[in-house]
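Participant: Please put together the full structure from these sequences, using the hints given.
216 is the number that the numbering used here gives to position 216 of the sequence shown; each next residue is one higher, with no gaps.
Think of the hints as simulated: they come from the structure by calculation, not from any bench. Small disclaimer: the values here were computed from a predicted structure and weren't measured. Backbone N, C-alpha and C fix where the C-beta goes; we use that ideal spot for every residue, glycine too. Accuracy of the hints is not assured; some may be wrong.
[Unchecked claim] Taking CB as the label site, the calculated pair distances span:
1. A213 <-> L24: 22 to 30 Å
2. A130 <-> E183: 45 to 53 Å
3. T57 <-> A130: 44 to 52 Å
4. E283 <-> E261: 23 to 31 Å
5. D290 <-> A19: 47 to 55 Å
6. S68 <-> H288: 44 to 52 Å
7. D115 <-> V266: 45 to 53 Å
8. S149 <-> G25: 25 to 33 Å
9. Q43 <-> S177: 30 to 38 Å
10. V184 <-> N51: 39 to 47 Å
11. K146 <-> N51: 28 to 36 Å
[Claimed, not checked] Below, simulated BS3-like cross-link-like pairs (lysine-lysine); rule was C-alpha separation at most 27 Å, straight line:
12. K5 <-> K124
13. K175 <-> K131
14. K148 <-> K159
15. K23 <-> K5
16. K124 <-> K159
17. K148 <-> K56
18. K5 <-> K56
19. K146 <-> K124
20. K181 <-> K159
21. K159 <-> K119
22. K5 <-> K32
23. K32 <-> K175
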Amino acid sequence: MAHYKNRLICFLDVLGYSAMVEKLGIEEVYTKYSQFVDVARNQVFFGTPENYEGPKTNFEISEIVSDSILLVSHDVDDVASTNNFIGAIHLFLELGLANGFMFRGGVNQGDIIFDEVRKIFLSKEFNDLAKFEPRINAPVCVIFEKAKSIIFSSLFGFKLQEIGVVPSRALPIVKWSVPLKDEVSELWCINYTFFCSGEQVSAAIEYLAGDLAKQENFISYLGFLGALPETALSLGENRTVGTFVRVMKSRSGMRVFFVNESGGIVGGPIQWGFPSVFIEPPEDVTIHVDSESNQVGFNVVGRWAD
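Facilitator: Okay, structure coming up:
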């Protein structure tokens, strides 16, 4: 039995799972699951700093039982590790959407007792997540108030945690009026559709056709994101890798992908870890392209954390 103190806890539920199993069978559902679960467990979303010596995996605990997913972070005192956890949830949701899965759920923070042999998992904060999840009437992953401080400070730094962040489509988390079953609540959500293609998003909308309320709310969510400002970096004309670069930044690294003028994805995404954890995400990001190899590199300017 292990007692984990002060960890981030994520609980996700697959929407439309019963109908999926009925239609495809459990073998096909397993195949689709396995295509992205291991990737989310091990792939670093933002990239890791060059001096990173933290955990090699994104989750301390990851358990999947039928349509329920439980994810637990490593020690939250490590900024890069915490960002890896948040990024892994983002990647889990993103890859799930690409593979025909839609999720809803939340992230909380608290203590856990886990007996791996007996598969006993106890946590008050997990219970709060499990009670709240059915109230969410849209395919989003919300951040509980108790977890907001550590997530904000890890992604954005203490200064931006105090003064707030400028709304942007490219933020790892966004604040949205989340439709619940009995009210609408302003909550921060994982911005997981940022790296999804238009075709994938259209398929996700179609997937929700059996639940018109969730479908309409997801369309509303996409409209909200589309109205947010975003600054894309230009690669210049006649570059084979694309015309613009869209960037999502944290204090420990960034993830980018390449799009054409109409917004179609033509390359990436790729991860780029910073030399060290910055005090806040760097504002000054510039691109350089090798004229012979057409390889893209990035320069960032910011203050490193001690």
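Participant: What are the numbers of the hints the structure violates, in ascending order?
Facilitator: 2, 3, 8, 15, 16, 20, 21, 22, 23
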